[in-house]
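J.: Assemble chains H and Z onto chain W, guided by the hints.
Residue numbers (our numbering), protein chains in the order written: chain W, 1 to 553; chain H, 1001 to 1305; chain Z, 2001 to 2326.
Keep in mind the hints are simulated off the structure, nothing from the lab.
All values reported here derive from a predicted model rather than from experimental measurement.
Accuracy of the hints is not assured; some may be wrong.
Facing chain W, from chain Z, some residues (calculated, C-beta under 7 Å) [to be verified]:
#1 K2230
#2 G2231
#3 P2244
#4 A2248
#5 Y2260
#6 R2321
#7 L2322
Ideal Cβ positions, reconstructed from N, Cα and C, are used throughout, including at glycine.
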Amino acid sequence: MNTSNSHGRGHGSNNSQSHDDQPLLRMTDIRIEGFSDEQWHPIIKGVDLTLRRGEVMGLIGESGAGKSTLGLAAMGFARAGCRFTSGTVEFDGTDLLGLKEKERRQYWGTRIAYVAQSAAAAFNPAHRLIDQTIESASRSHVRNDAESRADAVELYDSLHLPDPENIGQRYPHQVSGGQLQRVMTAMAMSARPDLIIFDEPTTALDVTTQVEVLASMREIVDKYNTAAIYITHDLAVVAQMADVIKVLRYGEEVEQSSTRTMLAAPKEEYTKSLWSVRSLEKPEQRSEDFILQLKDIDAAYGKTPVLHGINIDLPRGKTVAVVGESGSGKSTAARVVTGLLPQTAGSVMFNGDELPPQLSDRTPDQLRRIQMIYQMADTAMNPRQTVEDIIGRPLEFFHNVQGREKEQRVMDLLSMIELDESFLDRLPAELSGGQKQRICIARALAAQPDIIICDEVTSALDQIVQEGILKLLLRLQEQYGISYLFITHDIATVKAISDEIVVMFQGKVVEQGLKSQILSPPYPEYTELLLSSVPEMDPEWLSNLLNQRDRVL
Amino acid sequence: MNNPDGYSASAEVGSVRKRRTRAERWWIELKKAPLSAWFGMIVLSGYIVVALFAPLLAPYGEAEVFPTPFGPWDEAHRFGTDQIGRDILSRLIYGARNTMGIALVTTLLSFAIGGGLGLVAAIRRGWVDQLLSRTVDVLMAIPSLIFALVLLSIFKPSVVSLILIIAVLDSTRVFRLTRSVAVSVVVMDYVEVARLRGEKLSWVMKKEILPNIMPPLVAEFGLRFSFVFLTIAALSFLGVGIQPPTADWGSMVRDNASLIQFAQYDIKAGFTPLLPAAAIGLLTVAVNFVVDWFLHKTSGLRDEH
Amino acid sequence: MHPVLVTIVKRLLLGLVTLFVVSAIIFSAISLLPGDFGEAVLGQAATEETVAAFRKELGLDKPAPARYFDWVKSVVQGDLGTSFSGRSASGQDRSRSVVELIAPRLKNTLFLAGVAALIAVPLALFLGLTAALYRNSWYDRSVNVTTLTTISMPEFFVAYVLILLLASLWPVFPSLSTVNADMELGERLRRIALPAITLTLVIIAHMMRMTRAAIINLLASPYIEMARLKGASRSEIILKHALPNAWAPIATVIAFNLAYLVVGVVVVEVVFVYPGIGQLMVDSVTSRDIPVVQACALIFAGTYIILNLIADVIGIVTNPRLLHPR
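Next comes chain W alone, as it looks inside the complex:
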């Protein structure tokens, strides 16, 4: 990517010609605190950041690393409940933190723009897209209104939005998430800022949509030679977007280097551990001894049919991964198995016997043998119950264990999930994301089940934590011979844990087979699209993929 200031940018290009050697943004010793639980806690602990014109920096780190806070700090902005305690944010020679809020506002939207994570929430529902797109541009008087509108249409076009002439006349709720995210990029670009902050812009999107959005973002940033800070937790995504990568952890910088160097030879142990996560892979095993079989299942929400004659077989003691995008029906299949959504046709066979479709018709023993773990461990635990209550209840309910014995069993379960007895009296709010998910696993184990249905159990977690959970699940399977029905949209997770894979699309099973079969050619068309859309850690991946797809077309 070239870093010269060749394009005629709207604003700020004249006075910047003279000091081209000076960086566009120089943040020094940034320290930010946040207020929670009655005290101030450091969020950013003295980070420096330098960005040249036209340069794209990737900020990566796990949740709680402070990447969004640092990104917003580049605008001289701290969210409500946060404050700067030291540092300077020098943008084009001016310290933004030294300005009054009114003066700082002159920079926002016009010279530094922001692209938020959830486009659906970040657009005002009451205004047309084009009016929101040109808001900053018209405020800064770069162009007049008519010119701004014409320019917005051009931007829509270069972001490959369908019907660029008219899409701006729509309201936010009338366009899809992927399109909205691109409109938001156009909005950020409208005043031709020198710098755009992308705050996890594709995290909320499906993997096949993400590719297109990434491509169009990268193209337009290149075209106008805009500098950018790209915040994400996904290494493969940042590899496609950034010239340099900065790794953050606990509000501190771990290391920074150019993308290629960082991918080829990370220096710090922490960075290496981030890289190694994707290496976990369970050796697959075949088995014809099925503990659970879904036979020609149809299901519907109200009158909307969701599943169309699906067949899934789960071998005893093995893992079947169900993959597909949101809306493909994979979670619905799980609801049918649990009895929450009785099927309209077909049958669920458990150990060779047919399971009653209705939850209320199942025996306590049947209920005990099929357990479920959820994506959001937060909402899967009652915030008012302690860990002991949460894990103890199934012991009490299914096995009639009380008092001292119950406490002992809870402690055994805690050690099984690699936690100690200091957790007994904790509330869910006092646990980290990974610990919460472990408690949920322990609750499922307490029932002594044959099958555990895992619904996207790792997708809300950071990668290192994910790895820990996956290893735990594998170990438990080895020890107790539990079978997993593992629902996910993440191919790396599938590789790590599954024996067999089921691919679902629009309520139908595209194919089921051993992992090695499914993940090697020839693919059905949809499997191909799904697999090829998963970003890889190669900076050329996106370019290659786009070239390939162009050739096919």
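T.: Same frame as chain W, now just chains H and Z:
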């Protein structure tokens, strides 16, 4: 372990939250409470003491009649006497007990009805929910004071009919609130977990749902109490609420209202009807101050997540 | 048909159904009256013939559903029945028709409520918006505490304080708001000054707080943070980004408070002995003049339902999701 950082699950950093006992948390909140909340709490405790110990505090009996009606403020009668010669101060003190007691019983009853049905509607959904919700919609389409007036024109005003009528009318609002907060809890995964385990409805209600909807219900209890209190006071003031000889602030305002015309000649007499009215106002102000702070606290806690 | 129209028509039909059910409830009140109806009204001394004649006049010899439809039919035709008062045991009938009783008083009540609303609504919106704009400033805090205090005061307390100050100690306005049909507007306004101020004070607090809350609620939305990060100023954020989304809640607030005004009128009219429908209703409740109570309740409930209907319709027509369907 291939993780060089020595990853261990129990060492993972949870959210920044210091472990404190419930009492410690309450004390921190109290110390930070604004002046208005402190004012409210102090006033409220004063009212409660007066209501509990009314017979000990009042100089005369509730319905004791003295020879001079509309007597002036003097040594014997601190705030004078009313239109048939009863001691105003004593009636004010007894009024605290009667008016607050009736309002409290009414509010409790309305929570028992509205809260219970609201929970059932939220968990059962389906036709039960539809039936209850539509009924409540219709009942709420009639302003409650007007509805109460219609009912009181049929059933003769008595303490029991007053409590029943107001409690039923007011329970519609409790129903709506309980139902809506409970619905947002019922859809939580942990309730689904309990259902998948085959737990009984009563267990789910008591253990999973109730503890999580308490804060908004507690706040609503304060608001409903002051609303019920004002409604009863208004009805008594209109002459169709609490009936004589029971001492009650609303009817005391009505009975002594004419004294206000004499304010030019005796300013103290002019104040007499304002005393019970001010007693009503001060109590509701106090309750509202406390509730306002409590709501601010609990909604603030919700923002953290 | 446009989905907005469909939604509005649905809402109107629902309102109609509600009104119908409410009227049935109010009507059935009469059948709940314990004891013998005729005797209750005419007194112990009434002869059997007069009671029988009275029962026949009320149609008590017919079954309840038939009576209800007769009643609805006459209500629709503008006949609300005949008052019970003025009847006596001897069978003499000096009673007046309910419409005749209510019409002039309804006019008075609407006049009083209208004046109060005219002052209160703009003032409350202004205070609410500015308090939201300068959130957590001393201005916001003082407005907040003041309104919280006025909200908690019973109407009659406010009313008597005003009487004490503005009628008794410094006689600026009359304490009794007697008006009659041929009074001039200026004099009429002077007479109703105190009740109008009372009502204004009571509803302004509610309305202002709810407007402020509605705006502040919106200020927590991600699109407001986005607007800030796009460089919008404080007033732009409130007026351009928050307000267009706040019409529905604000309309609900106004409707709710106008409906509350209708109720507050009852107490205030009694305090100031203002010849309005509220006072009439209270008198009729005391004398158990059921037809008048029913008619008043029907009018109050109808107003309430219509106000809420208007609020809902405003909410529907300002909702971009309904206005511009996918």
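J.: Hints broken by the structure, by number, lowest first?
T.: 4, 5, 7
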